[in-house]
Amino acid sequence: MDKQTILNVHETMLVIRKFEERALNLFETNKLRGSVHLSIGQEAVAATVGAYLRDEDYITSTHRGHGHAIAKGARADRAMAELMGKVTGYCGGRGGSMHIADVDKGNLGANAIVGGGIPHAAGAALSAKMRGTDQVAVTFFGDGASNEGIFHETLNMASIWKLPVIFICENNLYGMTTNVERVTSVKDIAVRGAAYDIPGVVVDGNDVFSVEKAFKKALKRAKAGDGPTLIEAKTYRWKGHWTGDPEMYRSRDEVSSWKEKCPILRLEAHMIENQLLTEEQIRTKHQEIDQLIDEAERFALESPEPDPSTVLDNVFDEGDQ
Amino acid sequence: MREITYAQAIQEAMSEEMRRDQNIMFMGEDIGVYGGAFGVSRGMFEEFGDKRVRDTPITELAITGCAAGAAMTGLRPIVEIMFSDFMTLAMEQLVNQAAKNRFQFGGQAAVPMVLRTPGGSGTGAAEQHSQSLEAWVCHVPGLKVVIPSTPYDAKGLLKAAIRDNNPVVFIEQKLLYRTKGEVPEPGDDYIIELGKADIKREGSDLTIITYGRMVPRALEVAEAFSQKGTSIEVIDIRTLVPLDTEALISSAKKTGRVLIVHEACQRGGYGGEIAGLIADSEAFFYLDAPIKRLGGLDVPIPYNPNLEAQVVPTVESITKAVNELL
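Going line by line, the protein sequences match chains A and B.
According to the numbering used here, the first sequence is numbered sequentially starting from 1.
According to the numbering used here, the second sequence is numbered sequentially starting from 1.
With the rest of the complex left out, here is chain A (with noise of 0.2 Å):
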């Protein structure tokens, strides 16, 4: 990874954690309603692949997905407004926290049915192939979308045509508050990609240049013609399914020793080694994304409500061909 992308890999993953530690903050003091479903802790997957996307390619994310969003472009202000339900939101305030889309920008949404996403991202990667272009499609979803019957159906149509598509599986241990280990067949769940003959890889989730290399190696095989890959990273939320989780399901020793494993304390350790940035930098690193929230936070605090006349707008397309 070179020097500009590490910064902007460490940038975007500063951004998510303090987009959602203030929707945390903003939700506790009831200024966001709904189901607020936060990611902290898993940055590097979504900065690092997000790095290494165009404008011109395809995500499809999860109930999980304001890092997805914000990695793939998605400005912090109107991702803020949507989660408030404002008119300037992503999606005027009709879709919330769990389908922010920045179509213009390849995000095909966020997701609010566990693997609902990952056959879009297999259609926008046929799209992209019979229109002949060299887009990519890439598709997060969790360690519990891996036992739906969605993500097998998609991985097999996606092998037969050799889609470039790309399957990223956030293992955080928890597929709402039941342990991965207790509700699925394999450790890994990398492995599943040998049933359709697509390549399994298990990377560290918290660990930005891991996450690379199978990335990068992926997007080469599905650029190439030659189909998809599944990525499975390891890694784990920090805080609970959704914000009013309270957590029962796990020791606070568990959440203490991934906590130690934060992919941004990691990335700044390895930043500082390396001279890319001194302590000083990255504190003001920090303050510049501080203010780039609370400026986020203020936009949407002062965004207008959607127009109530207009609640019937976008059932339909009205225009055709």
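Warning: the hint list may mix true and false statements.
[As the list claims (entries may be wrong)] No more than 27 Å apart at the CA atoms, straight line, and that leaves these computed lysine-lysine pairs for DSS-like:
no.	chain 1	residue 1	chain 2	residue 2
1	B	K253	B	K200
2	B	K159	A	K129
3	B	K51	A	K129
Hints are computed from structural coordinates only; laboratory data are not their basis.
Chain B: place on chain A using the hints.
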């Protein structure tokens, strides 16, 4: 005018549209090499090749989801679900995804796709290959629903569905596939706008509102009644969503008697929606009799041919219902 079958009309609509627009593709189970379980797409694989006429694994959910993803990114997919019963396997992607993507993204995407699927009983295919599930999809905002009854309508409506920028569920009637009707020559690019009912027979004493394969039965009943001096109007709604409410209300006002006929189970069927719509309208004050529904019995479709014939409306049961209203 030349006569072609309902199946040929559907094939012509797809082929003509695919010649017109390179971004239209067609996928489904056994639709390519084999030409479709009902032979609808015979010849298309040869003309358009295995990329645009794409045989898929038996995976209704992934086919539908893949189509939705392709539709949001520049293609206009047509999907065939071999029997409408198998829509149940595709429901997550159809109902939670394709129907809602545009709305939930605040209009950022369109999902121009058509899901074609044959529905209905009468072929001895029993409980899991004979259902009429249109009410399920009519209930979901974001889906359009079309059920044609003639080759002419099938071709014109399918072309409109393919050009529509929204997900359209196009339910074909498997017992009508081999029926023939007049259809303009291939070069004649006619379109039938979605949301327009068709008065298949004009009348003044009673209106039968129906669709799909019950249309020919209603017409047979209307013809028989005309011999006895009773004039029955037969309205084919053709598009269930959007529904041509004006045509239905105006016919109810004209005749004062309304019978709604469909093959789908009566309980929770679309006939209830139509009855409610008329009861809620100014047509109520013109009615000379209660609005009557005649749907299928609330049982699964049985295998035995005599039992099978007994559970959906017949010429006899429609005749009886008309007599009860007169």
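Do the alpha carbons of B:K159 and A:K129 lie within 27 Å of each other, as the hint requires? Within the cut-off at roughly 25 Å; holds.
Could you grab the alpha-carbon distance between B:K253 and B:K200 and see if it respects the 27 Å cut-off? holds, 17 Å
Could you grab the alpha-carbon distance between B:K51 and A:K129 and see if it respects the 27 Å cut-off? Roughly 10 Å separates the two Cα atoms, so the pair holds.
Hint compliance for this structure: every hint is met.
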